[in-house]
Amino acid sequence: MSNRLLAIVEVSPELRVACQASGCGHSVYKRIHVVSIDGSLQVLGSECFKRLFGGVIGANPAYGSSDGRRLTDTERRMLQENAAQLIAQFEAEHEAAQAAAREKLQRLRQSAIAREASGGPPHRFRAPFPVRQPAPPRRHPGPTPEAIRRYEAQAKVDVRARFDVDPDLPGWRGLVLQRITELSKGDDVSD
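The letter at position 11 of the sequence shown is residue 833 when you use our numbering, and the numbering goes up by one with no holes.
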């Protein structure tokens, strides 16, 4: 059999539990490691866990997270009296969560299949804001290159005056382009 980190838990400081490492017996309440050692469960403090298994057993427990789970009073009693019962409860919770996730994924797949079968559009991400449609094509050829240069020069002056920034710096080009567009809309004829 092998050694395995099953859970990391914590209890309130007033209700500490004893570390079961050989020769230790310190009371612990945070980062309590529940370890399966050759099929036998042991409750260890974090220092004894590091000393005994540091580098041998990974820091990710089989049930729960490496941050630790705060135990209820009932769970704390189980930890002291019958750790195997507590681990069985964790395992059942883990399996129930996995089953719920598989069920949800299956429902989403069935829903997508049903939409496609009914001729409806497949599920797609929808943006939380309206998507801009492209501008309709212009009916006239637009301003000449000389006019565009004039618009750009004027747009830079306007952006510099309005926002007190250097319009040639990165990040301000969008405002310059927006102002060029505004200026060019005033001219309906080519220069």
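One or more hints might be untrue.
To be verified - Capping the alpha-carbon separation at 20 Å, the derived lysine to aspartate or glutamate pairs in EDC-like fashion look like this: (1) Lys-852 x Asp-895; (2) Lys-978 x Glu-938; (3) Lys-926 x Glu-903; (4) Lys-872 x Glu-915; (5) Lys-1007 x Asp-988; (6) Lys-852 x Glu-869; (7) Lys-1007 x Asp-980; (8) Lys-852 x Glu-925; (9) Lys-978 x Glu-968; (10) Lys-852 x Glu-832; (11) Lys-926 x Glu-938; (12) Lys-926 x Glu-915; (13) Lys-1007 x Asp-986; (14) Lys-872 x Asp-860; (15) Lys-978 x Asp-988; (16) Lys-872 x Glu-897; (17) Lys-852 x Glu-917; (18) Lys-872 x Asp-895; (19) Lys-872 x Glu-836.
None of these hints come from the bench; they were simulated from the model.
Quick one, are Lys-978 and Asp-988 close enough, alpha carbons at most 20 Å? holds, 8 Å
Restraint status (C-alpha distance of Lys-872 to Asp-860 at most 20 Å): holds, 18 Å
Please verify whether Lys-872 and Glu-836 have alpha carbons no more than 20 Å apart. Distance ~24 Å between Lys-872 and Glu-836 Cα, so the pair is violated.
Is Lys-926 close enough to Glu-903, meaning Cα to Cα at most 20 Å? The given pair, whose Cα atoms are some 36 Å apart, is violated under the 20 Å limit.
Are the Cα positions of Lys-852 and Asp-895 separated by 20 Å at most? holds, 15 Å
Take the C-alpha atoms of Lys-852 and Glu-832, compute the straight-line distance between them, and say whether it is at most 20 Å. The hint holds at about 5 Å.
Given the proposed pairing of Lys-926 with Glu-938, does the C-alpha separation stay at or below 20 Å? Given that 20 Å is the threshold and the Cα spacing comes to 18 Å, the pair holds.
Would you check the hint for Lys-852 and Glu-925, treating anything up to 20 Å between C-alpha atoms as holding? violated, 35 Å
Within a Cα-Cα threshold of 20 Å, do Lys-872 and Glu-897 meet the stated pairing? violated, 24 Å
Lys-926 paired with Glu-915 [C-alpha distance capped at 20 Å]: Holds: Lys-926 and Glu-915 sit about 16 Å apart, inside 20 Å.
For the pair supplied as a hint, Lys-978 and Glu-938, is the alpha-carbon distance within the 20 Å limit? violated, 51 Å
Would you check the hint for Lys-852 and Glu-917, treating anything up to 20 Å between C-alpha atoms as holding? Given that 20 Å is the threshold and the Cα spacing comes to 25 Å, the pair is violated.
In this structure, the hints that do not hold are numbers 2, 3, 4, 5, 8, 13, 16, 17, 18 and 19, in rising order.
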